[in-house]
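Line by line, the protein sequences are chains A and B. Residue numbering for the first sequence follows this note's numbering, beginning at 1 and increasing consecutively. Residue numbering for the second sequence follows this note's numbering, beginning at 1 and increasing consecutively.
Keep in mind the hints are simulated off the structure, nothing from the lab. For every residue, glycine included, the Cβ atom is placed at its ideal position computed from N, Cα and C.
As a list, the in silico DSSO-like pairs of lysine-lysine whose alpha-carbon atoms are at most 30 Å apart: (1) Lys395(A) <-> Lys395(B); (2) Lys255(B) <-> Lys395(A); (3) Lys158(A) <-> Lys255(B); (4) Lys301(B) <-> Lys374(A); (5) Lys410(A) <-> Lys345(B); (6) Lys417(A) <-> Lys313(A); (7) Lys158(B) <-> Lys417(A).
Derived list of chain B stretches under chain A, where covered just means 3 residues or more per stretch with a C-beta under 8 Å from a C-beta of chain A: (8) 9-22; (9) 146-155; (10) 423-437; (11) 531-541.
Protein chains: 2
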Amino acid sequence: MEFGAGIEFSTLQKQRSLYVPQLPPCLQGSHVQVELGDATTVPDPLDAESIKRSFPLTYGQPLVHFVSSLEKPSPNGVQDQQPPLRVGVVFCGRQSPGGHNIICGLYDAMKLHNPKSTLLGFCGGTEGLFVQKTLVISDDIVAAYRNQGGYDMLGRTKDQITSKEQVNSALNACQTLDLNGLVVIGGVTSNTDAAQLAETFAEAKCLTKVVGVPVTFYGDLQNQFVEANVGFDTICKVNSQLISNICTDALSAEKYYYFIRLMGRSASHVTLECSLQSHPNMVILGEEVASSKLTLHDITKRICNAVQSRAEKGKYHGVILLPEGLVESIPEVYALLQEIHVLLKNGVSTESISGQLSPWASALFESMPPFIKKQLLLSPESDQSAQLSQIETEKLLAQLVETEMEIQTKNGTYTGKKFNSICHFFGYQARGSVPSNFDCDYAYALGHGAYHLLAAGLNGYIATVTNLKNDVSRWRCGGAPLTAMMTIRRLLRGLGTPLIGKPSIHPVGVDLKGKSYGLLLQNAEKYLMDDLYSNPGPIQYKGPGSDSKTICLCVEDHDYMGRLKKLQSYLDKVKTSVRPGCSQEVLKAAVSAMAYVVEILSLMSPAGTGHAYHPLEDTYANM
Amino acid sequence: MEFGAGIEFSTLQKQRSLYVPQLPPCLQGSHVQVELGDATTVPDPLDAESIKRSFPLTYGQPLVHFVSSLEKPSPNGVQDQQPPLRVGVVFCGRQSPGGHNIICGLYDAMKLHNPKSTLLGFCGGTEGLFVQKTLVISDDIVAAYRNQGGYDMLGRTKDQITSKEQVNSALNACQTLDLNGLVVIGGVTSNTDAAQLAETFAEAKCLTKVVGVPVTFYGDLQNQFVEANVGFDTICKVNSQLISNICTDALSAEKYYYFIRLMGRSASHVTLECSLQSHPNMVILGEEVASSKLTLHDITKRICNAVQSRAEKGKYHGVILLPEGLVESIPEVYALLQEIHVLLKNGVSTESISGQLSPWASALFESMPPFIKKQLLLSPESDQSAQLSQIETEKLLAQLVETEMEIQTKNGTYTGKKFNSICHFFGYQARGSVPSNFDCDYAYALGHGAYHLLAAGLNGYIATVTNLKNDVSRWRCGGAPLTAMMTIRRLLRGLGTPLIGKPSIHPVGVDLKGKSYGLLLQNAEKYLMDDLYSNPGPIQYKGPGSDSKTICLCVEDHDYMGRLKKLQSYLDKVKTSVRPGCSQEVLKAAVSAMAYVVEILSLMSPAGTGHAYHPLEDTYANM
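Taking the hints into account, I'd like the entire structure generated from these sequences.
Now the structure itself:
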């Protein structure tokens with residue numbers, strides 16, 4: 001279809017197209033001032049040198065805060081005109097609800113500050129970028145996609161901007177099109193790519209500045225500066241709606257166990273959030289499995305025990321959630337997948353792989369049902385992970401549980417009714433959803449933010465909005481250098497020296513010490529036995545509940561930016577209270593108190609462990 | 001779980017529990033008068049004698065209309081007190097959103113007219129009825145389920161009330177519990193069962209009156225008196241939301257054909273309505289296939305042609321909807337299923353069935369992929385139809401199309417990109433949904449109606465609400481004898497005399513001459529090629545769109561009851577205008593005009609074909 005052509009609007013879509021996203025105060029008003037903060041470092045001091053070497057020109061840049069003219073009013077009170085900009089924008093990675101609003105926010109901000117600015121959309125994702133297939137975004141085009149789901153304004157491909165050739169094509173495109181800025185809409189991989197582009201462009205003295213925005217419904221782009229990802233809120237709400245419907249169904253008919261697999265790649269954020277919203281009987285997170293090193297047998301056993309306990313209370317129904325990444329978190333399956341991927345890479349045909357696996361891997365492989373064998377043999381994705389959406393772990397587990405329950409029935413250890421299961425995979429049916437109010441507002445603010453970063457000539461940044469769990473009127477906006485979110489993975493694979501990965505923004509899994517997971521743990525037993533299902537219903541766009549946010553966002557104590565500000569104000573206060581001329585006592589007290597602070601920090605910060613903000617553990621291997 | 005215990009409410013559920021369904025004017029006010037209309041007949045005169053023989057005591061009863069005290073005010077103006085009633089209610093068949101509101105409406109009406117009335121719910125569906133497992137419905141219980149989805153207030157089983165033994169258990173339960181009335185909540189089968197119970201009870205001089213309500217999200221309980229079924233609106237909206245999300249997804253990534261199978265049993269109403277709401281590229285209705293006698297090969301070819309035409313326009317994505325009943329509508333597959341079911345019934349093991357099939361059936365069976373073979377061998381449902389929800393027709397078709405496209409690629413007749421498909425089955429994730437406003441209101445009115453039928457001592461009726469496409473203030477309420485909806489199927493199976501079925505309320509398929517299907521046909525080419533996807537979004541409960549109804553309901557010209565009333569008023573007018581003493585001219589004119597009317601009717605009504613309201617064709621064989 002023609003990109004940007006729009007489609008037939010339903011009543012709701014028409015309504016949504018009239019919705020005006022709320023803008024945080026710091027992005028309102030006639031002039032948005034860009035305040036530079038302190039120079040940034042990386043979460044793990046051990047990585048700092050390496051990352052600096054890879055990104056000499058974009059490492060260590062300062063944090064950026066936007067300050068509204070509402071705080072510092074501009075003299076004339078009218079909209080501040082900026083020089084016109086030419087900016088390109090590209091969708092990367094899986095479509096996430098709210099993606100269109102990034103473009104709408106960017107477009108509105110550009111036109112507001114100079115109607116002569118031009119926004120070019122790259123058609124068909126990164127492929128469009130490489131071949132310079134563009135669309136000039138106009139008022140009409142933006143109007144057709146305001147607050148709408150999907151990525152169909154421009155389309156997308158899954159391709160990344162990683163190879164030398166791809167990076168050069170992108171550089172060439174930006175130079176040929178004479179762009180002042182390029183906005184990359186995507187998740188961890190795309191923002192890592194954006195960082196690489198920024199560095200390469202700077203090195204090539206290309207005038208195009210590169211800015212990323214955190215858009216991925218997987219919710220795995222999380223760090224000091226990024227509290228949430230565009231799309232996550234909507235995806236979790238749609239999935240929770242469906243899971244809850246299934247819970248209600250289970251409770252009505254009382255005869256099936258539903259095994260539901262959810263999208264989210266290696267991280268289990270979607271599954272965790274959906275569990276908190278809908279209270280299914282059981283959840284198995286990839287991060288739990290990896291951290292406890294649970295085998296396929298352990299997991300099967302755990303589910304069988306649940307079935308057993310519930311049968312003893314006369315219950316023969318239940319709902320069990322699994323993340324699609326679970327399969328890679330099970331140590332022996334992961335190892336099997338690695339062997340398969342190496343063989344595939346070496347050109348071994350799928351028919352002859354089984355014979356070339358190590359004895360134990362071959363034994364595991366041969367024990368699997370045929371449908372899973374076929375799925376395990378699929379070529380890995382471009383990021384080397386398995387084709388998670390294609391591997392029906394829910395069916396595998398349901399089958400293993402059924403077999404085990406049959407054995408127990410024969411043994412006489414299980415005397416309940418026959419175990420019946422129904423399997424579901426929820427993914428594609430949520431991705432294209434009309435975005436929630438939260439995702440609309442968040443994405444729109446990020447789009448505005450991306451403009452202000454580019455207008456300030458900043459390169460290699462991600463647009464940030466923080467304090468998200470509070471009202472929009474209290475959101476803080478700014479930007480952080482992409483390099484400041486990077487870590488390096490060191491993996492001991494087999495024998496030999498550790499494999500050191502490239503500096504990257506890595507997907508962050510569920511924090512097993514975090515509050516969201518704690519909330520789940522705390523209720524797990526009740527949810528398992530008591531069927532305390534809760535049905536959040538379909539996303540509402542008006543009235544009570546329409547401004548709800550994810551539970552994960554609301555229970556976690558983010559506000560890194562707020563604390564940075566607070567720290568700065570304390571330091572300033574000490575400085576102003578203890579100026580030359582103050583009494584000896586005050587000075588002594590200040591020195592003594594500060595010595596204590598410095599001592600604590602030095603105790604916390606040595607060799608990359610235990611420093612205040614270290615990246616969430618990702619023990620589940622996924623390079 | 002404890003029935004009637006309620007669950008943890010989400011924000012939306014709390015809100016919904018406060019929703020007050022609108023009540024049509026005829027059910028408001030201090031007194032609802034029950035007006036008896038003319039004696040009823042059946043749609044096909046050929047069936048009349050047979051049905052009368054089977055239902056001597058409940059055949060030919062009059063239609064019932066409720067007239068509000070708003071029209072005929074009661075003298076004292078206060079709520080009319082009726083004698084207290086003891087009523088039982090039972091959920092039968094698949095859970096449909098809105099089912100709980102039948103009970104809420106029934107309960108409220110009972111208590112309104114006498115607080116001493118008692119409503120007993122049967123726990124666990126018909127099984128609870130047989131063993132007299134009851135729950136006294138209270139204010140608290142009703143409060144926990146107002147406007148909520150599922151059947152979990154009482155639970156349900158799929159069992160029917162068909163065998164002599166089951167009917168006797170039901171009779172025994174109603175007598176033991178001293179019930180004045182029994183309300184059966186269900187679809188075609190359950191309402192047929194209700195008719196049988198009513199007749200049996202009357203014969204046994206049991207005082208319990210039986211009333212049915214049309215609740216089935218399949219939407220296949222349609223006839224002169226029933227315009228829509230509770231649950232259909234919600235199910236179609238939830239499915240359309242998901243289908244639309246998938247359309248948006250297809251349009252964003254442009255690389256997959258999505259094959260989506262929808263629930264609905266043998267009829268394709270859900271699929272048709274969802275197509276009208278979301279405009280997917282292609283739909284294959286079971287009724288079309290049966291009426292055109294399309295083979296599996298024909299259907300595959302049709303899809304391949306679509307893929308080919310779209311590829312010529314550079315499009316490699318699409319969304320194709322299939323009803324779950326499709327598989328039984330394909331003549332050769334239906335015949336194969338029949339052979340399998342006969343062998344299963346004769347105790348042949350699944351392993352040896354293939355060898356005992358007729359040569360052509362065996363050839364077809366062996367040509368199928370293994371997963372479908374396994375599914376085709378499943379035992380039929382209690383109504384002798386195949387286990388439609390378990391047969392993955394979408395995967396079969398996707399695979400057949402893929403194979404065909406590969407052949408065409410090799411032949412050089414297809415030169416486009418590789419055909420990729422993703423398959424989905426949408427069913428369970430919609431059934432438990434929080435019901436739409438329409439389903440809440442409709443079910444609540446039916447619940448009230450059921451009470452008034454019982455209070456009037458009527459037996460063997462279905463509660464009706466008509467003129468549904470108009471505002472609630474114009475809805476007409478009443479009841480119709482269940483026998484008046486019955487037909488008898490005559491099937492020529494193989495050689496010999498036709499097999500005559502029992503009088504039943506049969507599922508009605510999509511009317512290929514109807515306006516809804518016409519609307520689809522009219523747009524089919526555009527939808528196929530132009531991607532005119534429309535996303536109705538999630539069900540809204542407040543604001544614009546929250547009172548929307550299904551397109552099928554809105555475009556069809558129902559209002560049978562309205563026309564009956566109009567006919568009556570014309571007849572009355574003729575009578576009053578032409579009274580003894582009127583002029584010869586007037587009398588002559590009246591006689592001549594009426595002769596003409598009678599002539600037309602006699603031309604239309606002879607041998608069961610071509611009379612005004614004959615049952616919608618169900619050429620697709622399903623006994």
